[in-house]
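Q: Need the complex rebuilt from these two chains, each delivered in its own frame; the hints are there to steer you.
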Amino acid sequence: MRQFTHILRKELKDFFVTPIAYIVITIFLIVTGWFFFSTFFLYDQASMRNFFNLLPLIFSFVIPAVTMRLLAEELSKGSYELLMTMPVTFGDIIIGKFLAGVVMTVAMLIPTLAYPISISFLGQLDWGPVIGGYLGAILLGGAFSAIGVFASSITHNQIVAFIVGAAICFTLTLVDKMLFFFPEAILNPVEYLGANFHFSNISKGIIDSRDLIYFISVIFIGLYGTYLILLQKE
Amino acid sequence: MIHVDNLTKFYDSFCAVDGISLDIPKGEILGLLGPNGAGKTTTLKMLTGYFPPSAGTISIKDFNIQDHLLEIKKMIGYLPESSPFYKDLLVYDYLDYVAKIRGIPADERHTRIKYLSELCGLSHVMHKSIAELSKGLNQRVGLAHAMMRDPEILILDEPTQGLDPNQIVEIRNIIRKIGEEKTVIFSTHILSEAEATCDRIVIVNRGKIVADGQTEALKQAAGKEAAIQLTLANASFDAVEQTLKPIEGIESIKKMDQTDDGRLSVKLGCRSESDRREDIYKAIKATDWVLLEFYQEAKTLETIFRDLTRQINKEN
Chain A
0 MRQFTHILRK
10 ELKDFFVTPI
20 AYIVITIFLI
30 VTGWFFFSTF
40 FLYDQASMRN
50 FFNLLPLIFS
60 FVIPAVTMRL
70 LAEELSKGSY
80 ELLMTMPVTF
90 GDIIIGKFLA
100 GVVMTVAMLI
110 PTLAYPISIS
120 FLGQLDWGPV
130 IGGYLGAILL
140 GGAFSAIGVF
150 ASSITHNQIV
160 AFIVGAAICF
170 TLTLVDKMLF
180 FFPEAILNPV
190 EYLGANFHFS
200 NISKGIIDSR
210 DLIYFISVIF
220 IGLYGTYLIL
230 LQKE
Chain B
0 MIHVDNLTKF
10 YDSFCAVDGI
20 SLDIPKGEIL
30 GLLGPNGAGK
40 TTTLKMLTGY
50 FPPSAGTISI
60 KDFNIQDHLL
70 EIKKMIGYLP
80 ESSPFYKDLL
90 VYDYLDYVAK
100 IRGIPADERH
110 TRIKYLSELC
120 GLSHVMHKSI
130 AELSKGLNQR
140 VGLAHAMMRD
150 PEILILDEPT
160 QGLDPNQIVE
170 IRNIIRKIGE
180 EKTVIFSTHI
190 LSEAEATCDR
200 IVIVNRGKIV
210 ADGQTEALKQ
220 AAGKEAAIQL
230 TLANASFDAV
240 EQTLKPIEGI
250 ESIKKMDQTD
260 DGRLSVKLGC
270 RSESDRREDI
280 YKAIKATDWV
290 LLEFYQEAKT
300 LETIFRDLTR
310 QINKEN
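Chains A and B are the protein sequences, given in the same order. Residue numbers for the first sequence follow numbering that gives the first Met the number 0, beginning at 0 and rising by one. Residue numbers for the second sequence follow numbering that gives the first Met the number 0, beginning at 0 and rising by one.
It is worth saying that the hints were derived from the structure and are not from the lab. Any given hint could be a false lead.
To be verified - Below, in silico cross-link-like pairs of lysine-lysine (DSS-like), each with a Cα-Cα straight-line distance of 27 Å or less: (1) A:K176 x A:K203; (2) A:K76 x B:K127; (3) B:K86 x A:K12; (4) B:K127 x B:K99; (5) B:K99 x A:K232; (6) B:K244 x B:K266; (7) B:K134 x A:K76; (8) B:K266 x B:K253.
Stated by the list, open to error - Partner residues aside, some chain B positions facing chain A, computed with beta carbon under 7 Å: (9) H2; (10) K73; (11) I100.
For each residue, glycine too, the CB sits at the ideal point set by N, CA and C.
If we strip away everything but chain B, and leave its shape as in the complex, we get (with noise of 0.2 Å):
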C-alpha cells in the first residue's frame, strides 16, 4: 500500500530525517515512536505531501508523491500536531468548507458531517466557533476533519496529546475501529499508546529507525529479559553467588546493598525463553538464608525504547 524508500530530509545541513524505509500493508496500524525530535513529524509530514522529501521516494499504491501529489493528497486524511483551525468559524461550517474542498456532493455532504459529528462526538458543538473548543474537543474536530472524505489512509500525529484519559481511551477507540478496514499510521511518544493500539510499532531515533517489528514480536522479545530484586537475611554474598549461579539463564548477580544486622540485597539479570523463578526459590529453600523479598522486573517496551534510543544519544 505505501512504500517509503530511503526517505530523507534535511532543514538547511540539519538532517531530521536520514534514509528511513518502510513498507506498510493496508489495513494496518502503525506507531511511529521517538523521543522529542526524533524526525516522527517530519516523517508523518513528506507522508502527507505538505513538503518533499530532499531524498527518497514515496509511493502510495501506484502513485509516486513527485508526479501524483493530488492524487495522494485525495487518499489521505491528516491530523497534525496542533489542530490549528480557522477559530472564527463554526463547527459545522468548518466541517463544511472542509467536505467542499474534499470534493463531496451537496446531497451527501450534510450526512457525512452528522455521521462524523456522532463518531466523534461533536454533536453538541456543532453550532460553537472552534474558537470556544477545549483541546480534547478540537482534536476530535481534528480527526473528523481527517476523517472527512473516508480516506484510505489515515496519518495521525500525536492525537491523543493533552487530552484527559477518558478522551484518550475515546480517541483510541476510534483509531482501533477505523484500523479494522483503513491503513492508520500515527506518531506518539507514549509507549503504553502504541502497544495497547499498534498492530506494528517503529521506533525512530535521530531521524532513522532503531527498531521496526509487530508489537507483540517486540513484547516478547523484551520479555526474554528480566531483572529479579532479592533480599535475603542470614546470608553471604559469595555463597548467594555460588549457589545461584549454576542456575541456567542467570547473567549477572549484583550486590545492592547489605545493612549491618544482615540483610543482603542482590539483583539477579536473566536471560531466559522461560520463567527461571521457581529454579531460583528452589535452590534458596535448600539453604538456610530466610527469604525477606522476592520480585521480578519484567522487561517492558519502555525499557526497549529507552535502551534503544539513549545508547544511540550517548554515541553521538
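Same shape as in the complex, but just chain A (with noise of 0.2 Å):
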C-alpha cells in the first residue's frame, strides 16, 4: 500500500478516537437541519436547493476547523519531527492530510441523506439536482481542505490556522456576491474565482468542465502551496 494511506488512516483514528469528528459532525447537522427546515414548509417544494445554497457557507467554516490541526499541530508539538525521519515523502503526508479532510467532509455529509430520502415520501423529488448537489458539495468540500491544509502547513497554531483557512474560504463564498464593487471589465474574471458560483452550476444539475476545472485547480494550488510552505521548512 502506498505510505499516504498510513497517513490518511492515523488522521481518521485521531478524528474519531477523540470527539472532534463526532462534534464537528453534530454541529454541521444541527446547523444546517435548523436553517434549511426552518424554511423548508414555507415553500411547499419538495427541493433541496436550499440545503446546497447553504453548504458553501457552512462548510467555509466547518471545513477548517477539521483541518487547522492536521499539520499545526505535528509542527508544535514536533512529531513532524519524527514523521520527517520516516520514510515518507512530502506528497505522502500532504495527500493524506487532504483525504482525511475529504473524507471527514463525506462523513458529515452522509447523514444528510436522510432528508432527500423523506423528502421524497413528501412530494415529487428530481433526483438529478440532488446527486449533481452532493457530487459538487464533494468537490467543494476537497477544495476547502485542500485550502485549510495549506492554512495549516503555515503556521504552529491551530487557531491562526483556523482564522487564514475560514478567511481564504469566505472570501471564495462570497466573492461572487460582491461583484458590484468591482469594475465591469474584470467581472468575469472576479466571478469565476468565487466558489459558490461553480457550486451553484453544479447543484443544478448541470456538469460541467469549467466547474470541475475550477475544483481541481483549487485543490492543486492549495496543496501545491503546502508542498512549498513544508519544502521552505528544511
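A: In C-alpha cells, the structure reads:
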C-alpha cells in the first residue's frame, strides 16, 4: 500500500477516537438542519436547493475547523520531526492529510442523505440536482480541505490556521455576491474565482467541465502551496 | 558505514555546526558529547535527513543523503530529544502506525510490536493512551519507535534525559545490547553515561570537534595527569619544594594554605605514565615531617571535557 494511506488512516483514527469528528458532525447537522427545515415548509417545494445554497457558507467555517490541526499540530508538538525521519515524502504527507479532510466532509454529508429520502416521500423529488449537489459538495469540500491544509501548514498555531483557512474559504464563497464592487472589465474573472458560483452550477444538476476544472485547480493550488511551504521549512 | 565530510549548518547567520568530519564503522557505539548548544542535536538531525546540511556531505553505505534520502531514512531509527508523539493514540495504535509506515508486512506486524514492547518494557501499557504515560515510558515508546524496522543505524538524542536512575541503567543496557550488532550514535551531556556505554567518544563544542577517540584511549590520556594534595605538619614550604621537586613527573608545587599551628597544605601537579605516590611517600618518610593528609585526584573524562570546552569558550 502507498504510504499516504497509512497517514490517512492515522488521521481518521485521530478524528474518530477523539470527540472531534462527532462534535463537528453534530454541529454541522444542527446548523444545516435548522436553517434548511425552518423555511422548507414555507416554500412548499420538494427540493433540496435551499440545502445546497447553504453549504458553501457553512463549509467555509466547518472544514477549516476540521483541517486546522492536520499540520499545525504536528508542527507545534514536534511530531513533524518524527514523521520526516520516517520513509515518507512530502507528497505522502500532504495527500494523506488532504484526503483525511475529504473523508471527514463525506462523513458529514452522509447523515444528510436522510433529507432527500424523507423529502421524496413528501413530494416529487428531482434526483438529478440532488446527485449533482452531493457531487458538488464533495468537490467543494475537497477544495476547502486543500485550502485548510495549506492554512494549517503556514503556522504552529491551530487558531491562526483556522482563521486563515476560514478567511480564504469565506472570501471564495462570497466573492461572486460582491460583484457590484468591481469594475466591469474584471467582472468575469472575479466571478470565475467564486466557489459559490461553480458550486451552484453543479448543484443545479449541470456538470460543466469549467466548474470541474475550477475545483480541481483550487485543490491543486492549495496542495502545491502546502508543498512549497513544507519545502521551505527544511 | 557512515561517512561525514565537512558537515556545516547555518541557521541564518548563526553557525551551529562548523565543518564536522567523521567516519563511523559498522557496529560502533559513538557518544556525541558537548555542552548545551554545542551542535549535537543539529548534527544528529542532519544525519537522520530531517533537514539538509548547508555544506558538506553525508553518505551512509553507498548512499548519498542528497540523492537517496528515502533509502537512508529506511536504514535509520531515530529517537528525538523530547519524544513528541501523538498523545491521543494508544501505545499499540501508535506502534502499529509506525510499523505500517516503516513497511512491515501485515503478518509480521503483531509479533514485531510484541517483541519490541517486551524489549522496551512496554507490555503493561500497550492499551493506554500516550498522554497518560510518564516521561520514562514515553522515552521507551520512542525507543520502540526507533527500533521498529530493526534499523542498521540507531540515532538517539539524549536517550536517558529525564529518567530515574533505574531506568537509565535499563536504557543503557538496551543500547549496549543493540550496539552489539548495530551502529549506535547518541548524544548526551552526561559524561559518566558516555564512559559507561560508548566505544568511542566525540566531544563537540561550538560546532567543532574538539576531541575524538576511543573511550579507553581518552581515559588513559586523562589518567596521566593527576593532582596530589598533601597536608603536613612541622614543615616549611621551601623545604617541601626542595625535597619534592626532584621527583620525576612532578611539574608544579603550589602552596594552598598554612595555618598558625604549622599545618601546611600543598598541591602537586603530576604528569607521568606511572603512579608517583610511592616516591613522594618515601621522600616524606626520610624527613621529620608529619603526614596528615595525602590523596590523589585522578583526572577524569570530566576534567578533560571541562578543560576542552571551557578553554575554547574563554578564547572567544
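Q: Please go over all the hints and tell whether each is borne out by the structure.
A: These are the hints, each one checked on the structure:
For the hint pairing K176 of chain A with K203 of chain A, the CA-to-CA distance comes to about 18 Å; that is within 27 Å, so the pair holds. In summary, the hint linking K76 of chain A to K127 of chain B is supported, as the alpha carbons are separated by about 20 Å, within the 27 Å threshold. For the hint pairing K86 of chain B with K12 of chain A, the CA-to-CA distance comes to about 12 Å; that is within 27 Å, so the pair holds. Pair hint K127 of chain B plus K99 of chain B holds up; C-alpha atoms about 20 Å apart against a cutoff of 27 Å.
In summary, the hint linking K99 of chain B to K232 of chain A is supported, as the alpha carbons are separated by about 26 Å, within the 27 Å threshold. The suggested pairing of K244 of chain B with K266 of chain B holds, with an alpha-carbon distance near 12 Å, which does not exceed 27 Å. Restraint check for K134 of chain B and K76 of chain A: the C-alpha separation of about 15 Å stays at or below 27 Å, so the hint holds. Annotation: proposed proximity of K266 of chain B to K253 of chain B holds, straight-line Cα distance about 5 Å (limit 27 Å).
For H2 of chain B, the suggested interface contact is broken, since its CB lies about 20 Å from the closest CB of chain A, more than 7 Å. The closest approach between the C-beta of K73 of chain B and any C-beta of chain A is roughly 5 Å, which is under the 7 Å cut-off, so the hint is satisfied. Interface hint at I100 of chain B: satisfied, since its Cβ lies 5 Å from the closest Cβ of chain A, which is below the 7 Å cut-off.
In summary, the structure is inconsistent with hint 9 from the numbered list given earlier, while agreeing with all the others.
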